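Same order as they appear, the protein sequences are chains F and Y. Quick note: the first sequence, position 109, residue 108 per numbering that gives the first Met the number 0, numbers continuous. Quick note: the second sequence, position 51, residue 50 per numbering that gives the first Met the number 0, numbers continuous.
I should point out that these hints are in silico values taken from the structure, not numbers from a laboratory. Worth double-checking, as some hints may not be accurate.
[Unchecked claim] Dumping the calculated DSSO-like pairs for lysine-lysine here, alpha-carbon to alpha-carbon at most 30 Å:
(1) K322(F) / K259(F)
(2) K87(Y) / K206(F)
(3) K96(Y) / K322(F)
(4) K322(F) / K87(Y)
Values in this document were obtained by computation on a predicted structure and should not be read as measured data.
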Amino acid sequence: MSFLGFHRPDGQVGIRNHIGIISTVICANDVSLKIAQQIEGSVAFLHDQGCCQTPIDLNQVTKTLVNLGRNPNLAGVLLVSLGCESVLLEEIREKIAVSGKPVKTLGIQKIGGMLPAIAEGCRIAQEMVIEASVIRRETFNDSHLSIGVKCGASDTTSGLISNPAAGAAFDLICDHGGTCVFGETTEFLGAEHILMRRAANPRVAEKIQKIVTRMEKRAEMMGVDMRGGQPTTGNIKGGLTTIEEKSLGAIVKGGTRPIKDVYEYGDQITEKGLFVMDSPGREPEFLTGIAATGVQLIIFSTGIGAPQGFPFVPVLKITGNPKTESYLSDHIDKFIKLSEEGENTIAQAGEEIYEEIKAIASGKKTKAEVLGYGQFSNIFTIGPVI
Amino acid sequence: MIKKKAIVINSKDNVATALDDLKAGEVIQEEINSIKKKIKLNQDIPFGHKFSLKEIPSGSPVIKYGETIGTASMAIKIGDYVHIHNVKSNRGRGDIKGGVL
Chain F
0 MSFLGFHRPD GQVGIRNHIG IISTVICAND VSLKIAQQIE GSVAFLHDQG
50 CCQTPIDLNQ VTKTLVNLGR NPNLAGVLLV SLGCESVLLE EIREKIAVSG
100 KPVKTLGIQK IGGMLPAIAE GCRIAQEMVI EASVIRRETF NDSHLSIGVK
150 CGASDTTSGL ISNPAAGAAF DLICDHGGTC VFGETTEFLG AEHILMRRAA
200 NPRVAEKIQK IVTRMEKRAE MMGVDMRGGQ PTTGNIKGGL TTIEEKSLGA
250 IVKGGTRPIK DVYEYGDQIT EKGLFVMDSP GREPEFLTGI AATGVQLIIF
300 STGIGAPQGF PFVPVLKITG NPKTESYLSD HIDKFIKLSE EGENTIAQAG
350 EEIYEEIKAI ASGKKTKAEV LGYGQFSNIF TIGPVI
Chain Y
0 MIKKKAIVIN SKDNVATALD DLKAGEVIQE EINSIKKKIK LNQDIPFGHK
50 FSLKEIPSGS PVIKYGETIG TASMAIKIGD YVHIHNVKSN RGRGDIKGGV
100 L
């Protein structure tokens, strides 16, 4: 039971070998994007944060950028900075470099503006891609798999078919000694008592309760019923009536194994087993957060059909909705057909997803990767832009 | 094999989920706790949406997955379409609890 991955200096195993062009601040996005468009083998991570925020959010942005840089799918990182942002370029560089991978920096104000920044950035990235290209795939056993899960554009088929199938795959990964991470705390509302029963110990159960209460209070701060925002307009159109119904269908994507711990958004996870990352449900923020934990691949269960991937973490798109499979086949990697037997379908689908994960881990491309859908990400923050 | 028209996930549930676009007047046969029950639909039920298996009085819990998914905001009859027009959520209700902004 093995797959072919890339060994990293810190002992992690990557399934892709990209050079990450990471903006430290929103103001650097235009330059990062140009460099990544020019240099084959590099990918940009763009976001809307990094300046004019409270220190709580600046710390969250810094931590998330550091842990994205450490993701094993990146062979090296070029940090692109404007120069006057609140997050500290040198701090981010040093903390990523702890992983042992090459980390370079580029300052747009320092170098004299956009044009020299693009030229210099392309030269640096070109060199880094060539250097990374000599790293060969090696055989690793399945305990080196680290996988995330997300459900997006959910409808009632998500809770009946694709989420339980993803959960069955999660159980297999855990049983083979790997790491699994799920989150979307908003979608625990109304189902938290079930997750708390699965906590490895009372301390973890307490943490689950804490993140759910915190997320619910944030939504309630606005003084309105959150329905329409969660569940979304699309969820409601797909048959989901309340957040409780959405949550009860959503949590099954985390499988059935004990939850070993709860991490904050943007934290790196190096332990083995099943974990929760506190996070919102929206794609750009969630996918970034789960990529920062260090997962190599994300199972993405959809009902109505969410197309997006992530710049350097392949997304395996699954659906149990036959209409979505036919209308949005450009975006669906795997269709799960519900048979009359129900339970057997789910167990078998779990095994098939597990095999597909290993194929993708060893180099097979996903549809979102080939389409390049997923260039626009974001980092979850709590407070206002000030 | 006859294609199943609806699914009841848990024996405690008082709603079923349509597995096809179902029409008003259609009679759905459901087996719950080994008891066969015929339900005549009062409205059209789109694929993936829910209809009631029991009378649900206003203020009573609506149950799916064997768990409460919300509260009936009006009396729901057997065979009624069950969705946001007759079910309210009990969570994330800043409108009831009051906001801070």
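Taking the hints in turn, this is what the structure says about them:
no. : hint              : in the structure
1   : K322(F) / K259(F) : violated, 37 Å
2   : K87(Y) / K206(F)  : holds, 28 Å
3   : K96(Y) / K322(F)  : violated, 39 Å
4   : K322(F) / K87(Y)  : holds, 28 Å
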